[in-house]
Amino acid sequence: MTAICAFIAMLLGIQIWLVSAALEALLSHDRAVLIPAALASLGLFAINGGLLWTALRYDAGQRMAAS
Amino acid sequence: MSDQADKAPREKPRWREDFPVRWAQERYVSRRELAKFLTLGSALLATAGGVIAAIGNRGRREPKAPEVRVADASSVPVGGSALFRYPTSEDPCILVRGQDGSLRAFSQVCTHLSCAVVYQPARDELFCPCHHGVFSARDGRPLAGPPVRRLPMIQVEQRGDDVVAIGIGSDDS
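First to last, the protein sequences are chains A and B. For the first sequence, our numbering begins at 99 and goes up steadily by one. For the second sequence, our numbering begins at 3 and goes up steadily by one.
There may be inaccurate statements among the hints.
Stated by the list, open to error - Here are the simulated SDA-like pairs of lysine to any residue, each with C-alpha atoms no more than 20 Å apart in a straight line:
id : chain 1 : residue 1 : chain 2 : residue 2
1  : B       : K66       : A       : W151
2  : B       : K38       : B       : T49
3  : B       : K38       : A       : H127
4  : B       : K38       : A       : A104
5  : B       : K38       : A       : I114
6  : B       : K38       : A       : L140
7  : B       : K38       : A       : M99
8  : B       : K66       : A       : G159
9  : B       : K38       : A       : A153
10 : B       : K38       : A       : A158
11 : B       : K38       : A       : A101
12 : B       : K38       : A       : L154
13 : B       : K66       : A       : H127
14 : B       : K38       : A       : Q160
15 : B       : K14       : A       : A104
16 : B       : K38       : A       : R129
17 : B       : K14       : A       : G148
18 : B       : K38       : A       : W151
What the hints assert, rightly or not - Label-pair distances were calculated between CB atoms; the ranges are:
id : chain 1 : residue 1 : chain 2 : residue 2 : range
19 : B       : G169      : A       : I114      : 32 to 40 Å
20 : B       : D126      : A       : M108      : 44 to 52 Å
21 : B       : D126      : A       : A101      : 54 to 62 Å
22 : B       : G169      : A       : W151      : 45 to 53 Å
23 : B       : V53       : A       : D157      : 32 to 40 Å
24 : B       : R34       : A       : S118      : 27 to 35 Å
25 : B       : V23       : A       : R155      : 33 to 41 Å
Calculated from the structure, these hints are not laboratory results. Since the structure is predicted, the reported quantities are computational estimates derived from the model, not experimental observations. By construction, the Cβ of each residue, glycine as well, lies at the ideal position given by its N, Cα and C atoms.
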């Protein structure tokens with residue numbers, strides 16, 4: 099779980115960078131990078147959600163096995 | 003006797019009185035809760051990215067740029083320039099006449115951080131004074147400084163003494 103938390107935090111850092119880069123591109127009228135940045139951010143969120151779901155599912159499995 | 007009383011440890015340290023820690027109100031945050039919180043933040047950032055992309059692409063469905071008379075050709079000598087706004091009153095542009103006598107027009111907004119560029123006829127370049135970006139006044143491509151994208155070109159035609167803007171060139175033009 100600690101490793102998953104660290105990995106999610108790392109991906110979150112990349113998302114923060116993506117959003118700041120997209121904002122800078124928007125302000126400099128560079129529209130070409132906005133949609134790829136949004137898609138990449140969405141993809142990172144999907145990975146984060148998948149990791150969380152996997153961890154919670156594993157956790158639930160362990161609890162059921164223990165009980 | 004009094005010394006012993008002074009050296010005797012107090013039941014409650016002084017710092018506990020000044021900075022009380024109420025353990026009953028403390029809450030343990032598990033790694034699962036932290037992971038959920040981080041994933042929620044990830045969702046918010048993904049939403050922010052989508053909102054930024056939506057705002058940036060909102061203006062893409064604008065109608066075709068109109069034909070607008072922007073200057074008198076005779077008022078722009080060789081090595082001179084004139085300012086105009088195209089296609090809307092919020093889009094500053096610059097019309098330049100190069101040493102070869104041809105008229106060319108570009109967006110005046112620097113592609114780095116949106117400062118206004120100025121024409122330097124001696125070098126036939128467009129110069130951004132904010133961060134010393136330099137663009138070619140022939141095709142708008144960046145020559146020096148921080149800009150990496152070319153200035154959008156404005157298509158102009160000379161009709162008699164009128165200079166008419168007829169469209170915006172693509173970024174690759």
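Verification of the hints:
Restraint check: the Cα-Cα separation between B/K66 and A/W151 comes to about 48 Å, which exceeds 20 Å; the hinted pair is violated. A threshold of 20 Å between alpha carbons decides the hint, and for B/K38 with B/T49 the separation of about 17 Å falls inside it, so the pair holds. Restraint check for B/K38 and A/H127: not satisfied, since their Cα atoms lie roughly 35 Å apart, outside the 20 Å limit. Note on B/K38 and A/A104: the hinted pairing holds, with a Cα-Cα distance of about 12 Å set against a maximum of 20 Å.
Under the criterion of a C-alpha separation no larger than 20 Å, the hint pairing B/K38 with A/I114 is consistent with the structure, at around 17 Å. At roughly 17 Å between alpha-carbon atoms, B/K38 and A/L140 fall within 20 Å of each other, so this suggested pair holds. Between B/K38 and A/M99 the alpha-carbon distance is near 12 Å, which keeps this suggested pair within the 20 Å criterion. Only pairs whose Cα atoms come within 20 Å are accepted, and B/K66 paired with A/G159 is rejected, the gap being roughly 60 Å.
Distance hint between B/K38 and A/A153 is fulfilled; the C-alpha atoms sit about 10 Å from each other, no more than 20 Å. A distance of roughly 15 Å separates the Cα atoms of B/K38 and A/A158; the hinted pair therefore holds under the 20 Å criterion. A hinted pair counts as satisfied when its Cα atoms are at most 20 Å apart, and B/K38 with A/A101 qualifies at roughly 14 Å. Proposed proximity of B/K38 and A/L154 is supported: the alpha carbons are some 10 Å apart, at most 20 Å.
Taking the CA atoms of B/K66 and A/H127, the gap is about 19 Å. The hint holds against a cut of 20 Å. Under the criterion of a C-alpha separation no larger than 20 Å, the hint pairing B/K38 with A/Q160 is consistent with the structure, at around 19 Å. A threshold of 20 Å between alpha carbons decides the hint, and for B/K14 with A/A104 the separation of about 39 Å lies outside it, so the pair is violated. Using a Cα cut-off of 20 Å, the hinted pair B/K38 and A/R129 is violated, with the two alpha carbons roughly 32 Å apart.
Restraint check: the Cα-Cα separation between B/K14 and A/G148 comes to about 49 Å, which exceeds 20 Å; the hinted pair is violated. Proximity of B/K38 to A/W151 is assessed by CA-CA distance (about 9 Å); at most 20 Å being required, the pair is judged to hold. Here the CB-CB span from B/G169 to A/I114 is close to 39 Å, well matched to the stated 32 to 40 Å. For the hinted restraint 44 to 52 Å between B/D126 and A/M108, the CB-CB distance of approximately 48 Å keeps it satisfied.
Look at B/D126 against A/A101: about 58 Å separates their beta carbons, and that is inside 54 to 62 Å. One distance hint, 45 to 53 Å for the beta-carbon pair B/G169 and A/W151, holds here, with the actual separation near 50 Å. With their beta carbons about 33 Å apart, B/V53 and A/D157 fall inside the hinted range of 32 to 40 Å. For B/R34 paired with A/S118, a C-beta distance near 29 Å keeps the hint of 27 to 35 Å intact.
Taken as a hint, the range 33 to 41 Å holds for the pair B/V23 and A/R155, whose Cβ atoms sit roughly 36 Å apart.
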